[in-house]
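Chain by chain, the residues:
2 protein chains.
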Amino acid sequence: MTARMEKSHAGAGRTIISVDAMGGDEGPATVVAGISYSAKKNPDIGFILHGPEDVLKPLVAKRRNLHGRCQIRNAPDVVQMEDKPSHVLRTGRETSMWSALESVRNGEATVCVSCGNTGALMLLSVMRLRKLTGIYRPAIAVLWPSRNPQGFNIMLDGGADIRADAKDLMQYALMGTSYARNGFGLTKPRVGLLNVGTEEHKGRAELKEAYDLISANARNADFEFVGFVEGRDLPGTLCDVIVTDGFTGNVALKTGEGIASLISALLREAFQYSPLSRLASVLAYTSLQRLKKRIDPRRANGGVFLGLNGTVVKSHGSADATGVSAAVKLAFELAETGFTEKLAARVASASMLDQDAATNNSDNGETE
Amino acid sequence: MTARMEKSHAGAGRTIISVDAMGGDEGPATVVAGISYSAKKNPDIGFILHGPEDVLKPLVAKRRNLHGRCQIRNAPDVVQMEDKPSHVLRTGRETSMWSALESVRNGEATVCVSCGNTGALMLLSVMRLRKLTGIYRPAIAVLWPSRNPQGFNIMLDGGADIRADAKDLMQYALMGTSYARNGFGLTKPRVGLLNVGTEEHKGRAELKEAYDLISANARNADFEFVGFVEGRDLPGTLCDVIVTDGFTGNVALKTGEGIASLISALLREAFQYSPLSRLASVLAYTSLQRLKKRIDPRRANGGVFLGLNGTVVKSHGSADATGVSAAVKLAFELAETGFTEKLAARVASASMLDQDAATNNSDNGETE
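As they're listed, the protein sequences go chains A and B.
Per this note's numbering, the first sequence starts with residue 7, numbered consecutively.
Per this note's numbering, the second sequence starts with residue 7, numbered consecutively.
Keep in mind that a hint or two might mislead.
When chains are identical, the list treats them as one kind, so a pair holds in a single copy or across two.
As the list claims (entries may be wrong) - Under the rule of at most 35 Å between Cα atoms (straight-line distance), these lysine-lysine pairs were calculated in the DSBU-like manner: (1) Lys-90 / Lys-194; (2) Lys-214 / Lys-137; (3) Lys-173 / Lys-214; (4) Lys-46 / Lys-194.
Derived by calculation from the structure, the hints in this document are not laboratory data.
Quantities reported herein were computed from a predicted structural model and do not represent experimental measurements.
All chains, please: the whole structure from these sequences, using the hints.
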């Protein structure tokens, strides 16, 4: 419903994305280049761009395809990468990040995109947008490259909160499958719960409890629960959505990035090794570029904050224009489908199930 | 000291390695091929090979270079990959795994190599070899490929125990640096404590406490503590030894394997894409083989159980002959340096520091 409202706000049938122009490592020119690229590709997007007006105005003016499609909201301050989230919450009212979230809060946009400080963005999002009714812990959903037909898997939590109990993990399953359906068109996502390999180790109490809760919600929430999965399934084909606590998820995410960058460095060395291998790298150039694109973190870029009144897409701090544009594309797709509303409905219906399961209440709460 | 005893047992100045011939996915023929390969490369290794005599005898007889260097110990039973560790502990006296550990227990060998069921091997190792005095939780040390001069980093715990409190993590630092010194000749290893990125998240109480304990032991134990590190540093160059609990460590390990195998699958596809890229793959063949060798998990293969009276090298279940041989090589190097004794001395001296630093030193729960 909000999606409709926001469209009428735009006055041109466009879906409006609220964009924080500041805080990325590459600066506002890169963000503007990214949204201009998106504007070129998709005539249905409009933007509200937040940052110092004197900086943004000339940048936007240079991009013809943004004319009439990009409002600028003046916000003189910038959240720095090293700023403590709690400090930003106290003093950040004049920052572009705060302003960008405000446009979602007041309904001008349904999705916000920022490349800024993750911790600050998460805390501001939670405090300003508020958690959806019934949500215990919001989560960051991140994408892994995979050989599944959709080209990647969704993992959450990627680092919003270092803790997660059984109920949180169950809600992550609901949020993750909702995201998979609305953002990527999977009809019946397969969900796995991250654990370690051997039987004897399947001992973390909250994981056993989460197993039962997720299992109990699978049919009603229309996903398939494949049970416990391992680290290798994050980029694997066994499931589409993997749930875990934010500590484990963040370590796994960074580990994957580390291995990918090690391999690409070694690959570069391998191709420099001899005249023959240098020739080979020229011949294989197109194929290798295709591969690079496939596993490029800038493309599988948008970490998405789920469980709030509004959706926030966190782009990589070092995202270039391509990365920003990928995040905008994802934001657009989520706004178009009315994702937040669907997610809220899903959680509301499942929370009741959860209460039934947890308290052994016999009255039936299986309303859809 | 044990190393000397075992040498005299061998009667030929050889270092004896106790090898479980069974339990690997590839069967005993592969294990025998692996130790034969090691025997060819290194005249100073001898073997005690455990498994069903009627199976092993013909396999060994076919390998000339094993003649006079490989005793066979009959053990009719085999621990299966799906056996529960507790079940193996109760009923596994006749298994090759049990027998292989027995040779370390009675001093015939100082290091045992097995490709079998990790959980069972860990439990049997702890129960039969016993923990070193002062050790709270033994750990599995695993290797990550890296661009450090030694070619890899050591991480522990790779999955021996899903829990680890501050004292355990401090001991992992001591064990890991001892391993780095004795197995790989690093004089002053750099140690990192695995955590997640943003400041606000550095909140797990046991990690802050572990930070202080490790820091307090660094000078005395002659390592450099680099502080908190992230997942991307596991295959990075910031440190040589990374400590974490066995749950996080195991997830990271499997994630790394998953990403590496995804990339190599995509790379194969990329090279099959066009006639030009197929030609390129022929030209770059040698360089790519070199890269493959570098990141091949079969080579960085030996997970090592630390903190026991004797060392146990766990080879990958799916190890081929090359993998078995790599595990044997590592076992040989650890046996040669009298690693267990040095590790015991290191822990003994640091435990005192630890007792000074912390108050509660009563018998720590060793529940499995």
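Status of the hints after comparison with the structure:
1. Lys-90 / Lys-194: Only across copies: Lys-90 and Lys-194 sit 34 Å apart there, 40 Å inside one copy, limit 35 Å.
2. Lys-214 / Lys-137: both (26 Å within a copy, 29 Å between copies)
3. Lys-173 / Lys-214: both (11 Å within a copy, 27 Å between copies)
4. Lys-46 / Lys-194: Cα proximity of Lys-46 and Lys-194: one copy only (33 Å, versus 55 Å across).
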